[in-house]
Amino acid sequence: MRDVKEVLMQVKRLKDKAKANRDFGDLEEALDHLREATGLLEPHAENTEYRTKIRQELADCYGMMGGIYRRQGKLEEAGNKYRRGLHYEDDDSYNLSNSVVIPILIDPLRLESQQTKTRIEDGITIVQEQVRGRRKDEWWAWADLGLFNLLQGNKKAALEAYSQFGKVGARPQDYESTILVLNNLLDKLQTAGSPSVKSVAESVEDAIIVLNKNRT
Amino acid sequence: MEVEGPTPQTTLVILLGASEWPGAATNFPASEAFANSASGLEKYFLDRKGFNLPKENLLNLFDSTSEPSQIITRMDTWLASNAKGMTDLLVYFVGHGHLEGRQSDFLLLIRSSKKENLGSTSLRMDGLANTIKGRARNLRCIFILDCCFAASAYESLQQGELDRAAIRKATDALASPGEGTGTPRRGISLLCSSSSSTLSRIAPDESYTMFTEALLYALNHGNARLQQQYLNLFELAVLIDEFLHKAYPDKAPKPEVHSPDQREGVVANIPFFPNLATQSFRNAQDAIGKSELSEDTILCYVILSETERKLKPGQDSLRSTVEGALNLLGGSLKQKKEYAFATDIVANLDTYEIAIKKLCRAEVVIFDITHFEPAVMLLLGIRSVVRRGVTITSVGAVYVIGDLIDLPFNIKEVNITSHSSQQNRGDNEENWSTYIIRNKIQEGLHQLQTLPQYLDLPAFDAVRNLPPGYREPDPDKVLLLCSYSKRYQEIHWNKLKHRLREALDIKKDLHSTRTAKGVSRSTAKRPRVLRVLDLVSPRLVSPTIYEAIRRNVLCIADWTEWRPNVFFELGVRLAVTKPEAFTVSIIEDRQEQLMKLVYDDLEAIKKDSTKADRFMQALARIEPEDPDFRAIRDRFNLIAPQCMRLLDLFRPLPYICPPPENDANYTPPVRSELDLYQDIVHYYKCEPGDESKVGKGREPITVRTYEIIEEEIDVNGEVAATPVYVELLRTAQLFEIEESEGRAAVLYPNNGRLKRTVERGTTNRYLAAWYFISNEHTIKEIIEDDKLLNIYQDIGDVLSRRLNAINHKQAKPVYSMIQVLEDLKPLYSIMSKHTEEEVVTNKESELFRDYEDIKARLTRRLQAMQPEQAKPIKELVRSLWQKEVLS
Numbered sequence: 000m001r002d003v004k005e006v007l008m009q010v011k012r013l014k015d016k017a018k019a020n021r022d023f024g025d026l027e028e029a030l031d032h033l034r035e036a037t038g039l040l041e042p043h044a045e046n047t048e049y050r051t052k053i054r055q056e057l058a059d060c061y062g063m064m065g066g067i068y069r070r071q072g073k074l075e076e077a078g079n080k081y082r083r084g085l086h087y088e089d090d091d092s093y094n095l096s097n098s099v100v101i102p103i104l105i106d107p108l109r110l111e112s113q114q115t116k117t118r119i120e121d122g123i124t125i126v127q128e129q130v131r132g133r134r135k136d137e138w139w140a141w142a143d144l145g146l147f148n149l150l151q152g153n154k155k156a157a158l159e160a161y162s163q164f165g166k167v168g169a170r171p172q173d174y175e176s177t178i179l180v181l182n183n184l185l186d187k188l189q190t191a192g193s194p195s196v197k198s199v200a201e202s203v204e205d206a207i208i209v210l211n212k213n214r215t
Numbered sequence: 000m001e002v003e004g005p006t007p008q009t010t011l012v013i014l015l016g017a018s019e020w021p022g023a024a025t026n027f028p029a030s031e032a033f034a035n036s037a038s039g040l041e042k043y044f045l046d047r048k049g050f051n052l053p054k055e056n057l058l059n060l061f062d063s064t065s066e067p068s069q070i071i072t073r074m075d076t077w078l079a080s081n082a083k084g085m086t087d088l089l090v091y092f093v094g095h096g097h098l099e100g101r102q103s104d105f106l107l108l109i110r111s112s113k114k115e116n117l118g119s120t121s122l123r124m125d126g127l128a129n130t131i132k133g134r135a136r137n138l139r140c141i142f143i144l145d146c147c148f149a150a151s152a153y154e155s156l157q158q159g160e161l162d163r164a165a166i167r168k169a170t171d172a173l174a175s176p177g178e179g180t181g182t183p184r185r186g187i188s189l190l191c192s193s194s195s196s197t198l199s200r201i202a203p204d205e206s207y208t209m210f211t212e213a214l215l216y217a218l219n220h221g222n223a224r225l226q227q228q229y230l231n232l233f234e235l236a237v238l239i240d241e242f243l244h245k246a247y248p249d250k251a252p253k254p255e256v257h258s259p260d261q262r263e264g265v266v267a268n269i270p271f272f273p274n275l276a277t278q279s280f281r282n283a284q285d286a287i288g289k290s291e292l293s294e295d296t297i298l299c300y301v302i303l304s305e306t307e308r309k310l311k312p313g314q315d316s317l318r319s320t321v322e323g324a325l326n327l328l329g330g331s332l333k334q335k336k337e338y339a340f341a342t343d344i345v346a347n348l349d350t351y352e353i354a355i356k357k358l359c360r361a362e363v364v365i366f367d368i369t370h371f372e373p374a375v376m377l378l379l380g381i382r383s384v385v386r387r388g389v390t391i392t393s394v395g396a397v398y399v400i401g402d403l404i405d406l407p408f409n410i411k412e413v414n415i416t417s418h419s420s421q422q423n424r425g426d427n428e429e430n431w432s433t434y435i436i437r438n439k440i441q442e443g444l445h446q447l448q449t450l451p452q453y454l455d456l457p458a459f460d461a462v463r464n465l466p467p468g469y470r471e472p473d474p475d476k477v478l479l480l481c482s483y484s485k486r487y488q489e490i491h492w493n494k495l496k497h498r499l500r501e502a503l504d505i506k507k508d509l510h511s512t513r514t515a516k517g518v519s520r521s522t523a524k525r526p527r528v529l530r531v532l533d534l535v536s537p538r539l540v541s542p543t544i545y546e547a548i549r550r551n552v553l554c555i556a557d558w559t560e561w562r563p564n565v566f567f568e569l570g571v572r573l574a575v576t577k578p579e580a581f582t583v584s585i586i587e588d589r590q591e592q593l594m595k596l597v598y599d600d601l602e603a604i605k606k607d608s609t610k611a612d613r614f615m616q617a618l619a620r621i622e623p624e625d626p627d628f629r630a631i632r633d634r635f636n637l638i639a640p641q642c643m644r645l646l647d648l649f650r651p652l653p654y655i656c657p658p659p660e661n662d663a664n665y666t667p668p669v670r671s672e673l674d675l676y677q678d679i680v681h682y683y684k685c686e687p688g689d690e691s692k693v694g695k696g697r698e699p700i701t702v703r704t705y706e707i708i709e710e711e712i713d714v715n716g717e718v719a720a721t722p723v724y725v726e727l728l729r730t731a732q733l734f735e736i737e738e739s740e741g742r743a744a745v746l747y748p749n750n751g752r753l754k755r756t757v758e759r760g761t762t763n764r765y766l767a768a769w770y771f772i773s774n775e776h777t778i779k780e781i782i783e784d785d786k787l788l789n790i791y792q793d794i795g796d797v798l799s800r801r802l803n804a805i806n807h808k809q810a811k812p813v814y815s816m817i818q819v820l821e822d823l824k825p826l827y828s829i830m831s832k833h834t835e836e837e838v839v840t841n842k843e844s845e846l847f848r849d850y851e852d853i854k855a856r857l858t859r860r861l862q863a864m865q866p867e868q869a870k871p872i873k874e875l876v877r878s879l880w881q882k883e884v885l886s
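Chains F and X supply the protein sequences, listed in that same order.
Read in order, the letters of the first sequence are residues 0 to 215 in numbering that gives the first Met the number 0.
Read in order, the letters of the second sequence are residues 0 to 886 in numbering that gives the first Met the number 0.
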């Protein structure tokens with residue numbers, strides 16, 4: 000078995016390559032690098048000394064894979080990867096929010112199901128706890144909280160979270176990425192006839208306007 | 000109290016005897032065997048792979064033509080000045096012995112012995128014993144007597160009886176009453192030989208005496224059966240016996256060990272002689288040899304204090320704490336560690352020089368700064384200049400982290416730890432200190448790699464980063480490094496400033512315009528004498544001090560009060576002073592004398608606290624009612640042996656302060672007060688070009704420190720020596736954002752302008768690093784250097800994404816290049832290791848399939864590149880098989 004520190008260094012390199020591939024549209028190559036990374040990490044998932052770090056890295060890699068499948072339009076695969084990420088880190092807000100959003104993207108009416116509502120509520124509790132503590136200055140935590148609040152229909156809390164997203168230092172490319180996700184969601188929500196879903200769509204639209212305004 | 004074991008640095012050796020006796024040749028025949036025996040033993044002691052004794056620890060009086068009284072005086076004087084701080088003495092005699100008169104006085108013949116008057120022209124065993132028992136009373140002594148007795152002189156005695164009588168005489172002379180047990184700190188043992196029949200003690204080939212031949216064999220070969228690093232005298236005698244028995248079965252003399260003084264125990268039980276048969280010893284010796292030669296040795300060097308020597312059983316030591324930490328860490332540090340007491344380091348110039356080399360080379364150095372001993376602080380000051388490595392400082396005794404501690408000014412910002420037993424008790428975990436030191440080493444080494452200007456001590460950057468216009472030597476100021484105690488300022492400073500000014504005034508006429516080795520002494524006015532606190536600058540105090548320490552051509556370190564800050568600053572000064580500048584150590588003459596008295600009477604002081612108090616009142620001008628009195632007294636008693644060595648090594652110039660009244664201990668100087676002060680400012684007197692001459696406060700150590708560092712300095716540790724792309728990358732990485740976290744690296748992330756400026760600056764650094772490597776190295780160089788290739792790819796990965804967020808067109812060539820390199824490396828590897836024939840002959844082989852896959856991918860990638868960018872890559876591939884491979 001390879002030395003864990005060496006594995007973590009190798010994984011960092013593979014993730015950097017995957018990110019570059021992803022940003023330049025070489026999505027299959029990015030997935031190859033991420034598969035290689037998870038292959039290196041999984042044998043160490045129960046390592047006593049590095050358990051937390053290894054599992055965080057696994058959650059991150061699966062999250063990145065989910066994102067790439069989502070870009071490819073492979074929503075089922077994306078959902079599987081986000082869930083796989085949650086298996087390693089059950090409070091990872093990125094995998095958590097995306098594992099809620101993916102079923103809605105597949106069928107917007109799922110937003111009305113009790114199961115989805117419970118998951119959104121749980122997500123808000125978890126992320127709120129995080130932004131009160133160790134993730135107070137992480138913009139992605141605030142973006143995830145904003146998204147959960149939008150899905151719950153709490154526009155005010157969502158806009159407050161997005162405001163905080165900017166205050167802690169989100170960069171133009173981070174705004175762009177967040178707006179892309181919301182636009183994608185908005186497209187799907189607008190196709191549903193349900194008034195409650197429509198109301199959420201309106202909130203999403205408002206959030207996009209605010210984010211676009213603040214991005215510079 | 001823990002008893003110190005013998006070490007080469009704390010052992011003295013005296014060689015006695017003769018190889019010919021011109022005045023008594025008829026009875027005592029000459030033989031080269033005696034000379035060979037003495038030189039063989041000298042060689043063993045001085046050999047680095049033998050006993051490794053420092054040269055100055057050996058007094059060779061063999062074949063001396065001096066009279067016996069002169070020889071005794073030489074020994075007496077030498078021991079008087081060298082026995083301090085030592086633990087062991089070995090006296091070896093080879094030559095003729097003689098028993099004379101009714102009382103059968105035991106005589107050791109020397110070269111000047113006269114036949115007609117042997118008694119008064121030879122060394123008398125009892126006289127020799129008295130000298131040793133007097134001057135080396137606090138040492139463990141081993142006598143080795145290899146005597147031949149001329150049979151013709153003893154008609155009535157058999158050889159065996161002669162030996163018995165001689166041994167009895169020797170043991171009587173060396174005897175002291177009493178019997179102790181355990182590990183002695185003093186005492187005497189004797190190794191000699193007796194023979195029941197043999198008249199001649201010379202080996203048949205006359206190369207050596209039989210006994211010394213066996214002794215040398217035992218010392219140089221050791222005992223492989225005993226898996227221990229050192230042999231005691233008994234074990235050595237067994238080996239000698241075995242050798243003699245085999246080599247001279249019928250006439251072998253028999254070695255005997257006696258211990259005439261065993262008041263504290265038997266000296267012959269002390270492991271003393273390196274067992275050269277054991278691999279571990281040879282490995283240790285080899286490791287020392289290698290660490291002295293190898294430039295890139297990673298070494299953990301631990302400097303121990305006197306407190307460590309005085310620990311009671313069960314108390315936590317720095318050594319055990321560091322051992323534990325290194326065991327947890329494992330790896331090369333554990334393999335290449337060394338421990339040294341600061342007091343041993345300053346034993347002489349050789350030990351000091353070796354230590355300076357290690358301070359330059361060691362990646363990690365750990366200092367025990369308990370009681371801020373002068374030698375420890377001196378070495379810490381040097382370390383702070385010579386290497387941007389990891390340096391850890393730890394306090395023992397009863398210190399617990401968080402306790403109020405009066406840190407010397409210079410190290411107030413240093414992050415000290417504790418290795419005291421108290422630290423590991425109470426609420427803290429067991430072995431807490433071990434974990435802290437482990438973490439400090441681990442974290443330090445990591446930060447050393449990632450932080451461009453990692454620092455754990457104050458002076459490294461401060462002595463280097465001098466603003467332009469502030470680098471040239473400054474002859475206009477004389478910097479005084481001194482104590483800041485109220486007592487010192489009131490008494491010493493007030494005196495010194497006036498007297499030094501007077502001394503400088505007298506030399507004013509010599510401040511004419513002249514330049515020596517770049518040092519301008521163009522000042523027409525008298526140089527000003529300044530203390531550190533008199534320096535005027537808008538900058539922080541710390542860089543201001545170190546700048547002055549580097550620039551001032553004359554720096555005076557006043558040892559009075561033995562202050563830690565003075566020794567730290569002196570260490571910095573020695574490390575940065577070029578040979579043409581002067582560093583002069585001074586001390587109030589009375590304090591020097593009193594320190595010597597404290598040292599000479601250390602044992603008495605320990606028993607009689609009133610005596611200690613009297614010394615202290617005189618030494619430190621401090622009354623017993625003073626709250627600091629006890630701490631200062633105990634510190635002085637502890638550091639006295641170390642201070643004596645420092646005094647011997649530096650020989651500080653004495654100066655006179657308010658004349659002591661009614662001080663019986665005080666001996667006024669022979670020279671006038673003005674002369675003493677003029678010596679201190681001698682720099683301004685000497686002719687240009689003469690500065691390098693030793694003398695007048697300029698001991699070899701003040702020049703050698705700089706010279707050694709100049710040779711040993713870690714060239715990669717200098718800021719400008721770091722490859723420019725590594726420096727750019729490190730700075731950029733300080734502001735890099737971990738994408739999955741999304742946490743800003745700037746302090747005020749809500750300030751958009753700041754954020755954008757920093758982002759742009761970070762991207763530009765990556766870009767500059769990328770351009771630098773691209774322009775400075777060919778593709779072939781990058782591909783062939785794995786380390787460079789990794790860095791280039793790391794930079795490319797981040798840079799391409801950063802640029803892509805701003806300008807895709809600018810980002811594309813960077814991305815294309817890193818994509819190409821991904822495949823170029825394996826293709827290059829295949830094509831440079833194999834011929835075309837080897838690769839393409841077997842089309843079913845894995846090698847061929849790999850080659851084809853990579854080639855196809857690389858071709859695709861190159862097609863996406865700009866032709867100009869692709870050209871050198873295609874050319875590189877073409878050059879390997881001299882054909883076009885990539886279409």
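Just so you know, these hints were derived from the structure itself, not from any lab.
A quick note: this is a predicted structure, and the numbers were derived from the prediction, not measured.
Yeah, the Cβ is synthetic: ideal placement off N, Cα and C, and Gly gets one too.
Keep in mind that a hint or two might mislead.
[Said to hold, decoys possible] Between beta-carbon pairs, the in silico distance windows are: (1) F:Lys11 x X:Glu55: 33 to 43 Å; (2) F:Gln114 x X:His445: 44 to 54 Å; (3) X:Asp647 x F:Asn46: 49 to 59 Å.
[Unchecked claim] Below, simulated DMTMM-like cross-link-like pairs (lysine to aspartate or glutamate); rule was C-alpha separation at most 20 Å, straight line: (4) X:Lys854 x F:Glu28; (5) F:Lys4 x X:Glu737; (6) X:Lys132 x F:Asp25; (7) X:Lys824 x F:Asp136; (8) F:Lys11 x X:Glu740; (9) F:Lys166 x X:Asp822; (10) F:Lys11 x X:Glu735; (11) F:Lys18 x X:Asp822; (12) X:Lys811 x F:Glu27; (13) F:Lys135 x X:Asp785; (14) F:Lys11 x X:Glu738; (15) X:Lys811 x F:Asp15; (16) F:Lys4 x X:Asp822; (17) X:Lys854 x F:Asp25; (18) F:Lys135 x X:Glu442; (19) X:Lys754 x F:Asp136; (20) F:Lys11 x X:Asp475; (21) F:Lys18 x X:Glu735; (22) X:Lys824 x F:Asp31; (23) X:Lys854 x F:Asp31; (24) F:Lys52 x X:Glu737; (25) F:Lys135 x X:Glu843; (26) F:Lys4 x X:Asp785.
So, going through the hints one by one against the coordinates:
| no. | hint | result |
| --- | --- | --- |
| 1 | F:Lys11 x X:Glu55: 33 to 43 Å | violated, 55 Å |
| 2 | F:Gln114 x X:His445: 44 to 54 Å | holds, 46 Å |
| 3 | X:Asp647 x F:Asn46: 49 to 59 Å | holds, 56 Å |
| 4 | X:Lys854 x F:Glu28 | holds, 17 Å |
| 5 | F:Lys4 x X:Glu737 | holds, 18 Å |
| 6 | X:Lys132 x F:Asp25 | violated, 88 Å |
| 7 | X:Lys824 x F:Asp136 | violated, 41 Å |
| 8 | F:Lys11 x X:Glu740 | holds, 14 Å |
| 9 | F:Lys166 x X:Asp822 | violated, 42 Å |
| 10 | F:Lys11 x X:Glu735 | holds, 14 Å |
| 11 | F:Lys18 x X:Asp822 | holds, 18 Å |
| 12 | X:Lys811 x F:Glu27 | holds, 18 Å |
| 13 | F:Lys135 x X:Asp785 | violated, 40 Å |
| 14 | F:Lys11 x X:Glu738 | holds, 12 Å |
| 15 | X:Lys811 x F:Asp15 | holds, 16 Å |
| 16 | F:Lys4 x X:Asp822 | violated, 26 Å |
| 17 | X:Lys854 x F:Asp25 | holds, 19 Å |
| 18 | F:Lys135 x X:Glu442 | violated, 26 Å |
| 19 | X:Lys754 x F:Asp136 | holds, 15 Å |
| 20 | F:Lys11 x X:Asp475 | violated, 56 Å |
| 21 | F:Lys18 x X:Glu735 | holds, 15 Å |
| 22 | X:Lys824 x F:Asp31 | holds, 18 Å |
| 23 | X:Lys854 x F:Asp31 | holds, 19 Å |
| 24 | F:Lys52 x X:Glu737 | holds, 14 Å |
| 25 | F:Lys135 x X:Glu843 | violated, 58 Å |
| 26 | F:Lys4 x X:Asp785 | holds, 19 Å |
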